[in-house]
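Colleague: Chains as they are written, first to last, in full-length UniProt numbering: chain F, 1 to 349; chain S, 1 to 349; chain P, 1 to 349; chain U, 1 to 349.
Treat the hints with care, since some could be wrong.
For identical chains, the list gives no copy identity; a pair is met inside one copy or between any two copies.
[Stated by the list, open to error] Computed list of lysine to any residue pairs in SDA-like fashion (alpha-carbon distance at most 20 Å, straight line):
1. K136 with A228
2. K191 with L41
3. K191 with G36
4. K191 with G35
5. K136 with D272
6. K191 with A23
7. K136 with H79
8. K191 with N37
9. K191 with E40
10. K136 with E337
11. K191 with Q283
12. K191 with G43
13. K136 with R263
14. K191 with G282
15. K136 with P121
No lab work stands behind these hints, which were simulated from the structure alone.
Protein chains: 4
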Amino acid sequence: MIRAAVAGASGYAGGEILRLLLAHPHIEIGAVTAGGNAGELLGAVHPHLTPLRERRLADTTVDVLSGHDVVFLALPHGHSAALAAQLGDDVVVIDCGADFRLESADAWSEFYDTSHAGTWPYGMPELLTGSGPVAKQRAALGRARRIAVPGCYPTAVSLALAPGLAAGALTPDDVVVVAASGTSGAGKGLKPHLLGSEVMGSMSPYGVGGVHRHTPEIEQNLSRAAGATVTVSFTPTLAPMARGILATCTARLAPGTEAASVRAAWEQAYADEAFVHLLPEGQWPRTADVLGSNNVHVQLAVDERAGRVVVVAAVDNLTKGTAGAAVQCANLALGLEETTGLPVAGVAP
Amino acid sequence: MIRAAVAGASGYAGGEILRLLLAHPHIEIGAVTAGGNAGELLGAVHPHLTPLRERRLADTTVDVLSGHDVVFLALPHGHSAALAAQLGDDVVVIDCGADFRLESADAWSEFYDTSHAGTWPYGMPELLTGSGPVAKQRAALGRARRIAVPGCYPTAVSLALAPGLAAGALTPDDVVVVAASGTSGAGKGLKPHLLGSEVMGSMSPYGVGGVHRHTPEIEQNLSRAAGATVTVSFTPTLAPMARGILATCTARLAPGTEAASVRAAWEQAYADEAFVHLLPEGQWPRTADVLGSNNVHVQLAVDERAGRVVVVAAVDNLTKGTAGAAVQCANLALGLEETTGLPVAGVAP
Amino acid sequence: MIRAAVAGASGYAGGEILRLLLAHPHIEIGAVTAGGNAGELLGAVHPHLTPLRERRLADTTVDVLSGHDVVFLALPHGHSAALAAQLGDDVVVIDCGADFRLESADAWSEFYDTSHAGTWPYGMPELLTGSGPVAKQRAALGRARRIAVPGCYPTAVSLALAPGLAAGALTPDDVVVVAASGTSGAGKGLKPHLLGSEVMGSMSPYGVGGVHRHTPEIEQNLSRAAGATVTVSFTPTLAPMARGILATCTARLAPGTEAASVRAAWEQAYADEAFVHLLPEGQWPRTADVLGSNNVHVQLAVDERAGRVVVVAAVDNLTKGTAGAAVQCANLALGLEETTGLPVAGVAP
Amino acid sequence: MIRAAVAGASGYAGGEILRLLLAHPHIEIGAVTAGGNAGELLGAVHPHLTPLRERRLADTTVDVLSGHDVVFLALPHGHSAALAAQLGDDVVVIDCGADFRLESADAWSEFYDTSHAGTWPYGMPELLTGSGPVAKQRAALGRARRIAVPGCYPTAVSLALAPGLAAGALTPDDVVVVAASGTSGAGKGLKPHLLGSEVMGSMSPYGVGGVHRHTPEIEQNLSRAAGATVTVSFTPTLAPMARGILATCTARLAPGTEAASVRAAWEQAYADEAFVHLLPEGQWPRTADVLGSNNVHVQLAVDERAGRVVVVAAVDNLTKGTAGAAVQCANLALGLEETTGLPVAGVAP
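Make the full structure from the sequences, and use the hints.
Modeller: Listed below in structure tokens is the structure:
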């Protein structure tokens, strides 16, 4: 058995990694660590992880994390670099934080206000990388020792739009995205606007006007797919549900592109993917359908009157949007079958 | 007391009209009628309307509706024209259906597949009509005998964008709107995708690609405000809540417009409005804050990187989005103070 | 106009009092005060109270609260006595806290761990007091200067069971109550289990085994109605909704009581009440039907096999369960019509 | 591989069986059948079952169902007997309907209004059967060819109370249960009260007064555990969530039983169970913690003042409450490890 440690196991992302590892046939759970919750039983922090309820959270230290084959980091931004540097080059380190996602140090500084830690291979295997009709990010991940897991919104948006941009069916210069997320995407921090009384029955936007930190990550992914600079107007909204992202993504139909031919780009891109699915024409994604699974459901329509293509993607922000991608990347890094242990059906209704 | 009848009282819109009329100091409730529910007690159909629980739903006929000062029609599309024609020119008829909203018979036919019944004064008092810096639709409603109540999405979207378009701060040619609605907007029809088990915990889009019937109504309103043809990419989504619309509306910042000056258009447009409120800078609308009220909460941000202005509006689809607008219009038509009897605070949390 | 101050206006109960006062024809809102939120605008704390958004929260001091005709206290337990003592005997003080509800100093000490502040007239006008077939608590409230507003659970449970106990149709010795409450009943405190991510999609009990502080208040009310000591097994549960209490209350059918005759006790008790309604046979209360209203919906069934009567009551914990009762009591104390300004229809769906 | 057919695959129970079988290492999915949905693709009916989306629903006939090792029936009540009779005695038939659960033909007739089809081994392995300190229903299920899967409420209630009744710590004569269920328990039928607009934000009871069909099943289970006739006052309520049951169960503390000794009965009963867990003292079940899993979380408290023990159990009505139990029973019948393929962690938050 491969032995895994999970740092930051008390948060929602850490909890979801543990849930997935419990069902993984080749990975066993070693150390589980936390910050403020260190010393507590997992049963008190994550009562849904019944088989782990007697496991105690340790402090997040190099000592505790050492001696595992793979270490999952689910830490607040800025905490991964120092730890990873001490973990040994042979250990697979999967970072769920943002620290190593961006290539541009300037973009990092603008959005995160600290100095850039560096760039690791970006953990979105299905992302078209634009260097050929079927070139995908997967190529960079096999046997990698360090992988940066994508953000949840960038996962939905990038997989929604990349095929059309890579195929030249969409123009790169005026992409507009409005996405709704469940509250678990905001984490477990005690903030008044995240109280159940405030979120139930309510929709609200946040980070409006291009200031959300996932904006440069989305633009980086889409620009690579397009082979050109993509600018995105991105508005996230908070929805009254615990999990799920629904990203409604629009881009202008490229001049000269026939509406009827647009769909082929997505069909071709995802025909062989295990987790990314273009739904049958006319069927639209629902976040409930991917809940708890590693799936991405995608659908699109061409609005010829408005001159735009609308692509909608649904993911579970905690599964494919974070922990599922982390396990998927670990599988690739460890030389396992990419889909090993990952849920392929949503929990609905 | 002014005497009102409500036709289609068994639906959600009809029920909300009755809820508002119960609190109206100058209107008393006369006949309440229905189609399939005729003969039932209101207490069985709308148990929340406690004081009306002994009232029995009559058939929707001209005879029953005659003899009232004002008749509210909350009927399926296509049923208003024949009834209204027989109600007498002196009776105020407020139609919550779509039949008389559109000016273009072609647009009607394209989206509704029937022949156009005509056009009534459009019941959105606060809408800028573009013929001057403060010209508003209110001018067409005082003492009107026939009024077409706007659709719920058009209410949120039009009030969100009209000030910027009228002021020339936004370009009219590439408006993109993504809106989330509570399930009551879809009515009380028994459709599988509206079951609680299906909608709770789930977000999903529908009517994607410019096919939703509110599209031409939005374009009509915005084109009038802009004094130019506005094209909209409109994507509605269904959110896990019973009430509320959150419309995220974006348009390109007009060339030569200074970002800092944009906000003034909204401040000027709504400074004196009782129901439409530009929130203080940095505070964003939440649908829960307008629940059950006739308010519209609006906020905007300029995204200079993306070259777009993002305007977000929240309304209660059943109140300001339908029944509240209907009562507000009735007040104007009847010569009452426009705000009479309308709730000015939301029911939160 | 009568002038009212609201102390503790930043919480959910305080906010609801303000919402109701905004619609009250004879009361105007004077000082609004808070603890930690003092200095903030109401618009930041309660964005749903649109007309009050420019009002600033003052500190909760005697000076600020003085000079009003009525003062509503919505403070944490233990803070009312000192304030009330300094407010002048002619001022109407309506306390939404628990401090003055209990008659037994022992019960207070057992459940609240502090010394007993005293007992004020108990603000549940519709409660049968057992001293005669129609004797109700209302008699103690007219022109009272100090009133203790009941707790939310005791409101639902007491109004559900009192008629049967007073009529001798139910035995007092083995009452079992299980109640579900929306999260606003737990207040605005930042506790992990109240996060939206934790409560949405989940039901859970708390305070199990007779330890919830509303237990002695329920027993006090029911014992008075029964004219005998009533013991209650009370289990509250947290439901995934912001507002509402559904109390399922059972007691044993008194020996010799005919099942068919049981209902009459409730019919007689509530026939003339404006807010407490026994629903038509076969129709069961739903919390949504009373949302935002001052109504209590009640229904019952006799289970002859089990030898128990099941009575279910629905209230909005913030309205009739707190703020609505407070305004109702203020109306009585001020000599106004008891129902003045109070919503008689729920906001549904 | 063992080959399974699922009849009634278009409903929620059938869909959940398929979800679980997708993760089962030794069972492959053969025929999937339906009534009104026959001919449709599974992708249209259960879009969350992504890997099965191309599978087409066949008619529910003996021909289609024949030739499988195990047949799961998820049919409306009354449809199982005729089918099962033709399926061959060597085929394992797991019936999720009520038809074969009750031993008493009289109870069946009283609650279901049809004639009794018979009694199959009852599929609740962990149920104490009272014939000894550790005698459980599991003994009747190994290698059985016909198994009746328990109802969802009876699962939660029986596992909650059986240990205390079997140990004599609870008196059997006045059990009171109030349970909250998610809406999926009511199935996919198109009924107005199940619309999302009606259930979100609302709690309501149904089947009050001993008329719910699960009442005799609960009494049968508890009577067997107690070795005495148990009478239950059972009130189910509908909660605003898609999945989950929270059962609050109370019984009187048996005379002479010491409160401190009560807990031992549950500890002993479930110490070795894989799916039924007595939580650590002070931690209470939440339905979200068992969502999508086959777990039952149980906790109890003794209320000495009221003379009652309160036991709360949480299950997912579709998993352990139906489909999980079905697969667990199939495992036993097929000679597999009982826990094979069943999720042991909930999907939270």
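Colleague: Each hint needs a verdict: does it hold in this structure or not?
Modeller: Structure-based check of each hint:
no., hint, in the structure
1, K136 with A228, "within (17 Å within a copy, 44 Å between copies)"
2, K191 with L41, "between (24 Å within a copy, 19 Å between copies)"
3, K191 with G36, "both (17 Å within a copy, 15 Å between copies)"
4, K191 with G35, "both (18 Å within a copy, 18 Å between copies)"
5, K136 with D272, "within (12 Å within a copy, 48 Å between copies)"
6, K191 with A23, "neither (32 Å within a copy, 31 Å between copies)"
7, K136 with H79, "neither (29 Å within a copy, 51 Å between copies)"
8, K191 with N37, "both (18 Å within a copy, 15 Å between copies)"
9, K191 with E40, "between (22 Å within a copy, 17 Å between copies)"
10, K136 with E337, "within (17 Å within a copy, 41 Å between copies)"
11, K191 with Q283, "between (37 Å within a copy, 16 Å between copies)"
12, K191 with G43, "between (23 Å within a copy, 18 Å between copies)"
13, K136 with R263, "within (19 Å within a copy, 43 Å between copies)"
14, K191 with G282, "between (39 Å within a copy, 17 Å between copies)"
15, K136 with P121, "within (12 Å within a copy, 54 Å between copies)"
Against the hints set out earlier in the document, violations occur for numbers 6, 7.
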